[in-house]
Amino acid sequence: MHETVYFGQAYTSRSEISVKSVSHVLNTLINTHLVSQDPFELKGQAYLVTVDHYSDFYEIDRLPTIQSAAVVQASKKHFSRYGVPHTLITDNGAQFTSDLFKQFASKYKFNDVTSSPYWSQSNGRAEAAVKSAKHILLTADDVDLALLSVRNTAPAGHSFSPAERLFGRALRTNITQPSVALEPFTPPRDQVVEERLQCKIKQKQAYDKHAGSPLPDLPPGSFVYAKPPPSSTAKAWIPGQVVGNAGPRSYLINTGSRQIRRNRVQVTLAPSPSFLSSKPTN
Numbered sequence: 001m002h003e004t005v006y007f008g009q010a011y012t013s014r015s016e017i018s019v020k021s022v023s024h025v026l027n028t029l030i031n032t033h034l035v036s037q038d039p040f041e042l043k044g045q046a047y048l049v050t051v052d053h054y055s056d057f058y059e060i061d062r063l064p065t066i067q068s069a070a071v072v073q074a075s076k077k078h079f080s081r082y083g084v085p086h087t088l089i090t091d092n093g094a095q096f097t098s099d100l101f102k103q104f105a106s107k108y109k110f111n112d113v114t115s116s117p118y119w120s121q122s123n124g125r126a127e128a129a130v131k132s133a134k135h136i137l138l139t140a141d142d143v144d145l146a147l148l149s150v151r152n153t154a155p156a157g158h159s160f161s162p163a164e165r166l167f168g169r170a171l172r173t174n175i176t177q178p179s180v181a182l183e184p185f186t187p188p189r190d191q192v193v194e195e196r197l198q199c200k201i202k203q204k205q206a207y208d209k210h211a212g213s214p215l216p217d218l219p220p221g222s223f224v225y226a227k228p229p230p231s232s233t234a235k236a237w238i239p240g241q242v243v244g245n246a247g248p249r250s251y252l253i254n255t256g257s258r259q260i261r262r263n264r265v266q267v268t269l270a271p272s273p274s275f276l277s278s279k280p281t282n
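Here the sequence shown is numbered in the UniProt record's numbering, starting from 1 and rising by one per residue.
Please keep in mind that the hints were generated in silico from the structure rather than gathered at the bench. Each hint should be verified, as a subset may be incorrect.
Stated by the list, open to error - Each computed EDC-like pair below joins lysine to aspartate or glutamate, with the alpha-carbon atoms no more than 20 angstroms apart:
1. 77 - 144
2. 200 - 190
3. 134 - 41
4. 131 - 41
5. 102 - 112
6. 43 - 144
7. 131 - 59
8. 134 - 144
9. 134 - 61
10. 131 - 61
Put together the whole structure using the sequences plus the hints.
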């Protein structure tokens, strides 16, 4: 896809955003080609959202199933149309951890990075695209026309629409447009990046107003309780021991019988190993 910028990991701490950190983001992330995917179901129908982080341009695919083969087929069409991303961020769903998807990533030569399972906020750009997609699917008389409108409209805080950032031009719609509005141009990359950055800063500041104290890091060997998956009927949290980091604010945990992965907010520190038989509940 288009040259993309990812700021999702730029501010994982609650410390004040500084000029130095802003410079670091601009210098290290500006040339990263990043795309996110997220499958979802709506009224019994499976869908897949694919979103480009630089432009916010996203696609909605209606899938016959949520399995790997259907996801791979939809992804191939997007990659042939927009190009293969450098990095694809997905959740930890079975369709993205299967051998088939790993073979697909190897053949098409992109890095497949998974976010924490059962914690959609860790893939925030995809989560936002899913919310927009669901709204369109539930309310629009003509889904494709509604998508065209979204792609052709600059979001709050941005001067350029997703289409303008991705294609370098506005898209013709069923509404009369002056011919000059459809002429090709290149949105200034520095402006696009700065606007994206300012939006992320505002989002973090708004989040921090309602968030609690930052959770401490968990060193390997820590004894913890991990939140059970949403599909589980068990209410008790799962006792285990931290193996190590699995990504920003994400941990691998050994439960004794297997390894699981959780976001930091899904893990609570156990006072000592002797307490592991007494499990907290939701």
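Cross-check of the supplied hints:
1. With a CA separation close to 17 angstroms, the supplied pair residue 77 and residue 144 stays within the 20 angstroms bound.
2. Between residue 200 and residue 190 the CA atoms are separated by roughly 15 angstroms; this keeps the pair inside 20 angstroms, and the hint holds.
3. This hinted pair checks out: residue 134 and residue 41 have alpha carbons roughly 9 angstroms apart, not beyond 20 angstroms.
4. Between the alpha carbons of residue 131 and residue 41 the distance comes to roughly 12 angstroms, so the proposed pair stays at or under 20 angstroms and holds.
5. Distance check on the hinted pair: residue 102 and residue 112 sit about 8 angstroms apart at the alpha-carbon level, within 20 angstroms; holds.
6. About 19 angstroms separates the Cα atoms of residue 43 and residue 144, which keeps this hinted pair within 20 angstroms; it holds.
7. Proximity of residue 131 to residue 59 is assessed by CA-CA distance (about 13 angstroms); at most 20 angstroms being required, the pair is judged to hold.
8. At most 20 angstroms may separate the alpha-carbon atoms for a hinted pair to count; residue 134 and residue 144 meet this at roughly 13 angstroms.
9. Pair hint residue 134 plus residue 61 holds up; C-alpha atoms about 12 angstroms apart against a cutoff of 20 angstroms.
10. Under the criterion of a C-alpha separation no larger than 20 angstroms, the hint pairing residue 131 with residue 61 is consistent with the structure, at around 14 angstroms.
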